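Sequences are here, hints too, so could you generate the full structure?
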Amino acid sequence: MGEAKRRKATLGEKYGQESSLGRWLPVTKSQAEAFVQWTTRGAWIGIGLLVVAWVSVRFIGPALGWWQVN
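Just so you know, my numbering puts 28 at position 18 of the sequence shown, and the rest follows in order with no gaps.
To be clear, the hints were calculated from the coordinates, so they are not data collected in a lab.
All values derive from a computational prediction rather than experimental measurement.
Backbone N, C-alpha and C define an ideal beta-carbon position, used for all residues, glycine too.
Among the clues, some could well be false.
Within a straight-line C-alpha distance of at most 25 Å, the following computed PhoX-like cross-link-like pairs (lysine-lysine) qualify [unchecked claim]:
{"#": "1", "residue 1": "Lys15", "residue 2": "Lys39"}
{"#": "2", "residue 1": "Lys24", "residue 2": "Lys39"}
{"#": "3", "residue 1": "Lys18", "residue 2": "Lys39"}
Computed spacing ranges between beta-carbons, pair by pair [as the list claims (entries may be wrong)]:
{"#": "4", "residue 1": "Gly75", "residue 2": "Thr50", "range": "52 to 60 Å"}
{"#": "5", "residue 1": "Ala53", "residue 2": "Gln27", "range": "27 to 35 Å"}
{"#": "6", "residue 1": "Val46", "residue 2": "Ala73", "range": "49 to 57 Å"}
{"#": "7", "residue 1": "Ala73", "residue 2": "Arg33", "range": "29 to 37 Å"}
Structure (structure tokens):
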């Protein structure tokens with residue numbers, strides 16, 4: 011008997027289904043990987059926005075401030 015058949019006989023109905031991360035956590039491994047991808051992408055977008063805000067405050071703001079009269 012091959013390994014796949016032995017695994018199928020052992021698991022029964024659960025054969026071919028995704029396993030969860032833990033018995034207490036109803037999240038599958040693919041859902042966890044998708045969550046990590048989305049949060050990583052969001053973090054990089056946030057870093058990019060922070061850089062844009064910093065550049066505008068540091069360089070663009072003072073450059074536009076020369077015409078203001080106190």
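- Item | Distance restraint evaluation - Ala53, Gln27, Cβ atoms, bounds 27 to 35 Å | This hint holds: roughly 31 Å between Cβ atoms.
- Is it true that the C-beta distance of Ala73 to Arg33 lies inside 29 to 37 Å, as the hint says? Since the Cβ atoms of Ala73 and Arg33 sit about 59 Å apart, the hinted range of 29 to 37 Å is violated.
- Task: Using the beta carbons of Gly75 and Thr50, state whether their distance is inside 52 to 60 Å or not.
- Result: violated, 37 Å
- Query: Are the Cα atoms of Lys15 and Lys39 separated by 25 Å or less?
  - Reply: holds, 23 Å
- Task: Starting from Lys24, check that the Cα of Lys39 is at most 25 Å away, please.
- Result: Holds, at about 15 Å.
- When you take the CB atoms of Val46 and Ala73, is the distance between them in 49 to 57 Å? violated, 40 Å
- Query: Taken at face value, is the distance from the CA of Lys39 to the CA of Lys18 at most 25 Å?
  - Reply: Holds - the C-alpha atoms of Lys39 and Lys18 are around 20 Å apart, at most 25 Å.
In this structure, the earlier hints numbered 4, 6, 7 are contradicted, and the remaining ones agree with it.
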